[in-house]
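First to last, the protein sequences are chains A and B. Residue numbers for the first sequence follow the numbering used here, beginning at 1 and rising by one. Residue numbers for the second sequence follow the numbering used here, beginning at 78 and rising by one.
Derived by calculation from the structure, the hints in this document are not laboratory data. Please read these numbers as outputs of a predicted model, since none were measured by experiment. Among the clues, some could well be false.
[Stated by the list, open to error] Okay, derived cross-link-like pairs now, DSSO-like style, lysine-lysine, Cα gap no bigger than 27 Å in a straight line:
hint: 1; chain 1: B; residue 1: K464; chain 2: A; residue 2: K44
hint: 2; chain 1: B; residue 1: K331; chain 2: B; residue 2: K167
hint: 3; chain 1: B; residue 1: K315; chain 2: A; residue 2: K23
hint: 4; chain 1: B; residue 1: K304; chain 2: A; residue 2: K23
hint: 5; chain 1: B; residue 1: K348; chain 2: A; residue 2: K44
hint: 6; chain 1: B; residue 1: K331; chain 2: A; residue 2: K23
hint: 7; chain 1: B; residue 1: K277; chain 2: A; residue 2: K44
hint: 8; chain 1: A; residue 1: K23; chain 2: B; residue 2: K349
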Amino acid sequence: MEATKIIDSRGAACPGPITDLAKAYRNSKVGDVLELWATDKGVKADTQAWATKTGNEILEVKEDPDKIVVRIKINKR
Amino acid sequence: MEMKKVLVIGGGGGGLILANHLDTNEFDVTVVDKNDLHYYQPWFLYIAFKGSKRKISRPIGELVKPGVKFVKDEISTINLDERKVYGSRKTVYNYDYLAISTGTTPDPDSIPGLREVYDEYGDYHTNVWNAEKLWSNISRFKGGTIAIGQSSPTCKCPPSLLEGAFLLEEHLRKVGLKDKTRIVFFTPFPRAYPAEPMNKVVEPMVKERGIEVMPFFDVDAIDPKNKTIFSLEGDSVKYDLPIVVPPCKGTKIKIIPETVQDEDRFIKADKKYMKIQGYDDAFAIGDCNTLPTSKTGVTAHLEAMAVSEIIQGRYAEFNGRINCPFDTAYGKATFVIADYNNPVAPYPPTRIKHMMKMTMARIYWMTLKGTADPIFEQFFKFTRPEKLNRKYASVE
Ligand SMILES: Cc1cc2nc3c(=O)[nH]c(=O)nc-3n(C[C@H](O)[C@H](O)[C@H](O)COP(=O)(O)OP(=O)(O)OC[C@H]3O[C@@H](n4cnc5c(N)ncnc54)[C@H](O)[C@@H]3O)c2cc1C
Chain A
1 MEATKIIDSR GAACPGPITD LAKAYRNSKV GDVLELWATD KGVKADTQAW ATKTGNEILE
61 VKEDPDKIVV RIKINKR
Chain B
78 MEMKKVLVIG GGGGGLILAN HLDTNEFDVT VVDKNDLHYY QPWFLYIAFK GSKRKISRPI
138 GELVKPGVKF VKDEISTINL DERKVYGSRK TVYNYDYLAI STGTTPDPDS IPGLREVYDE
198 YGDYHTNVWN AEKLWSNISR FKGGTIAIGQ SSPTCKCPPS LLEGAFLLEE HLRKVGLKDK
258 TRIVFFTPFP RAYPAEPMNK VVEPMVKERG IEVMPFFDVD AIDPKNKTIF SLEGDSVKYD
318 LPIVVPPCKG TKIKIIPETV QDEDRFIKAD KKYMKIQGYD DAFAIGDCNT LPTSKTGVTA
378 HLEAMAVSEI IQGRYAEFNG RINCPFDTAY GKATFVIADY NNPVAPYPPT RIKHMMKMTM
438 ARIYWMTLKG TADPIFEQFF KFTRPEKLNR KYASVE
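Could you build the full structure based on these sequences and the hints that come with them?
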């Protein structure tokens, strides 16, 4: 599935990638696929907790050499 | 030879530090601000939660060094392609180098119901009047539920949100209202403090002081009639006293081309050199840019120092260093320290750090002029995040 929006949060440690994800969520609609790029290791657990809380779906978590990529499908908005 | 013109928009922390570090024998430096006064924003906390009457503003004209010009004017449009900047009275400014340092704009109108709450109760993040208004509401409070937090993830100074809850709890205990009050701290982040290592340090205090945390709570709407705040994530909280920090947006200035701004009007700049995307002669420093770091005075300061070097033809870059003082109340504080390559260190709160935070409030005016630079250089050297992480993260 093509990403509707790429969110580049690389380098962000505080407050961290969830800032950008939550911002993108506000402007998203059902069916969108958000692709979050981060370097902060905490991103995996945090996006998982976020998805559980918001009822959205993690499609994939991938570790590239320079970033962690999390793809999220918006099912609830 | 004619001097190169540097135009700085905004006489806040970032703008003043940049202007005051440029050699005025070589550069013609002008600072433009829509206000006459510069405010020490961290003190809003002590006005809002302790009723402090300290004077926290000074005229910008007295904060620029000799040789730097200050003009009071509100900028409406910037044309980066023509190097022209338009003021409110049809004034047009030209430049060789431009630095935009306009901070953030509170936006209480973007969330239904927030404007009413904001006008009635004030907050602890936007200005002195709002902080005073909040203090008068807190002083009249007799017990019930206080819902306190940031309404959206983009906010200045990440620790200040929880600092507010800590100072509030200390106040309620002091006036004997603690047992009659429920403090609910809501946050869009997964935990009380967004960065996990610092959360580990402060979470026990949050628990011990009976502050309830509602994580993943992004304010979607407020119903002032039924005194309820609703989140995007589907939760709600009923309040007797709401303390809601409004969303922060970027500048209201129209910038040509508009592609240099994101959807919230923050200015896209590269994270090391603060150059506005696609331009070599224009910079965005401090809270107004999109850098992946916290919106704090310290980052504005360090970005400004790097830009002053770059404009003067020397190599410099910003490494993403953050250094936010974090008042945990009852006379103790810590610092949130990290940079682009090192995560936040779990730095424990102490009395000494609280004294440092209070000293900072006094020497702040010197930092704007650059006379405190040697102290800062030493401090930053001794508190490098990799060093702190080695010392404190390993004991876990
Ligand atoms: C409660 C609170 C606590 C904080 N605590 C800390 C702390 O402990 N440590 C820390 O480092 N930071 C702290 N901060 C953050 C810090 O205050 C800001 O990050 C810092 O002031 C940013 O500087 P700046 O130059 O980017 O913007 P600002 O200082 O906000 O300055 C922007 C300037 O631009 C001017 N301006 C805006 N638009 C225009 C226009 N169109 N034309 C002309 N002029 C314009 C404004 O009048 C203003 O003077 C705190 C903030 C708050 C609210």
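Do the hints match the structure? See the list:
1. Note on K464 of chain B and K44 of chain A: the hinted pairing holds, with a Cα-Cα distance of about 25 Å set against a maximum of 27 Å.
2. Restraint check for K331 of chain B and K167 of chain B: the C-alpha separation of about 15 Å stays at or below 27 Å, so the hint holds.
3. Of the supplied pair hints, the one linking K315 of chain B and K23 of chain A holds, its CA atoms being roughly 24 Å apart against a limit of 27 Å.
4. Of the pairs offered as hints, the one joining K304 of chain B and K23 of chain A holds, with about 25 Å between alpha carbons and a cut-off of 27 Å not exceeded.
5. Taken as a hint, the K348 of chain B and K44 of chain A pair is honoured in the structure, with Cα atoms around 23 Å apart against an allowance of 27 Å.
6. Distance hint between K331 of chain B and K23 of chain A is fulfilled; the C-alpha atoms sit about 22 Å from each other, no more than 27 Å.
7. Distance check on the hinted pair: K277 of chain B and K44 of chain A sit about 18 Å apart at the alpha-carbon level, within 27 Å; holds.
8. A C-alpha spacing of about 23 Å is found between K23 of chain A and K349 of chain B, which places the hinted pair at or below 27 Å, so the restraint holds.
Violated hints: none; the structure is consistent with every hint.
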